[in-house]
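Number of protein chains: 2
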Amino acid sequence: MNMRIPKPTLERLPLYHRAVESFMAKGREAISSQELGREIGVDDYQVRKDLSWLGAGGRPGYGYDTSYLLARLEEVLGLTREHTAVVIGAGHLGSALSQYSGFRRYGLQILALFDRDVTKVGKYLGDIPIFDIRELGRIIKEQQIPLAIITVPAREAQRVVDLAVEAGVKAIWNFAPASIQVPPGIILRNEDLAVGLATLSHYIVYGQPSD
Amino acid sequence: MNMRIPKPTLERLPLYHRAVESFMAKGREAISSQELGREIGVDDYQVRKDLSWLGAGGRPGYGYDTSYLLARLEEVLGLTREHTAVVIGAGHLGSALSQYSGFRRYGLQILALFDRDVTKVGKYLGDIPIFDIRELGRIIKEQQIPLAIITVPAREAQRVVDLAVEAGVKAIWNFAPASIQVPPGIILRNEDLAVGLATLSHYIVYGQPSD
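If you read the protein sequences in the order shown, they are chains D and Z. Positions 1 to 211 (the numbering used here) are the ones given, in order, by the first sequence. Positions 1 to 211 (the numbering used here) are the ones given, in order, by the second sequence.
It is possible that part of the hints are untrue.
Which residues of chain Z face chain D? A few of them, derived with a C-beta cut under 10 angstroms, are [unchecked claim]:
hint: 1; residue: T66
hint: 2; residue: F103
hint: 3; residue: I186
hint: 4; residue: R189
hint: 5; residue: L200
hint: 6; residue: Y206
Where chain D lies over chain Z, by a calculated footprint (3+ residues, C-beta under 8 angstroms) [to be verified]:
hint: 7; stretch: 11-21
hint: 8; stretch: 75-88
hint: 9; stretch: 91-97
hint: 10; stretch: 162-173
hint: 11; stretch: 192-199
Please keep in mind that the hints were generated in silico from the structure rather than gathered at the bench. For every residue, glycine included, the Cβ atom is placed at its ideal position computed from N, Cα and C.
Build out the structure end to end from the sequences listed, making use of the hints.
Here it is as structure tokens:
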């Protein structure tokens, strides 16, 4: 199987995953590309193109087998494996993400929180220890942690990202409202919580679209 | 101007907004549909179709005027207006969202937090008061607040959504990892923080795509 999935397709795969789960919860054994397309907001041609990357072919007049499609999505999205991560910044958002129950089904295990506030260091959040930010490099290296989740204030984001990258993480998930840079080969995902708000603002002002 | 923008287009508008801001920050006065498409992961035909809903026409050989496009996006996304909201659930995530600096540029003003924990009620988070959940209906009605942000545990989500809807909110922004129902005419946006994680998991396991 070819794993060089284009980025726009890959970013739609979690939406397919959620849609397929929801159709299965309703007892559906098969689903058409038109139905999937309506659910995630692309046309059925795009659906067939996206899903062809998974080697999941639909059958004319039947559609896609939901169980098989779900299994392929989970494999390609890496959901069948456990991942470890650290959270940098033990403020409200870092604490919220460390405890977020929605992550469990994606196999994410958060091993440690980091902060520079000495009143937090040495304590636990649930069963996750809070370390001094100066321990970051050592712990990432020793435990070979691939992912750092960034929740520090915007002005400190680049500095802690540099520390994490130097220590060997493969990926950065940035929740700080800051534009940060990573070297080639390092994966960066910026999570802009305000995107959802922008869509809602439109609906509140102008009303909801009919379709 | 026609405001019945299709939902998939509307959900791409915040991505256009961010892309245009970023091109303007680099000093660009015009931008092509191809460049915009590359940035947000759709083809240039789709870009021209999406932006035609804004009444923003590109000129052949020049592209779109970035200042004009930004202004149109801000108007259509309702970013030029102030919005008020309440946050239900004064735990880590509710506290984080109440303080999230990224919301300010979207004109969102959070007027109150609600919780059922009596040790939190009556206190302030920054300058935002925390009220007893039993005050929710009264405050939403009196202040005509259009948006409720839900950060309670999953099992309590539907109940507080029902209270907020009954009190007259127009829109629900749900961060609880729970599937909730709203009556017709009420806007619902589910924010699944795990979607970003799923994409990162794939990259960590299989490496980053080249394009």
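Status of the hints after comparison with the structure:
no.: 1; hint: T66; in the structure: violated (17 angstroms)
no.: 2; hint: F103; in the structure: holds (6 angstroms)
no.: 3; hint: I186; in the structure: holds (9 angstroms)
no.: 4; hint: R189; in the structure: holds (5 angstroms)
no.: 5; hint: L200; in the structure: holds (5 angstroms)
no.: 6; hint: Y206; in the structure: holds (5 angstroms)
no.: 7; hint: 11-21; in the structure: holds (count 6)
no.: 8; hint: 75-88; in the structure: holds (count 6)
no.: 9; hint: 91-97; in the structure: holds (count 6)
no.: 10; hint: 162-173; in the structure: holds (count 3)
no.: 11; hint: 192-199; in the structure: holds (count 8)
In the structure shown, a violation is registered for the earlier hint numbered 1 alone.
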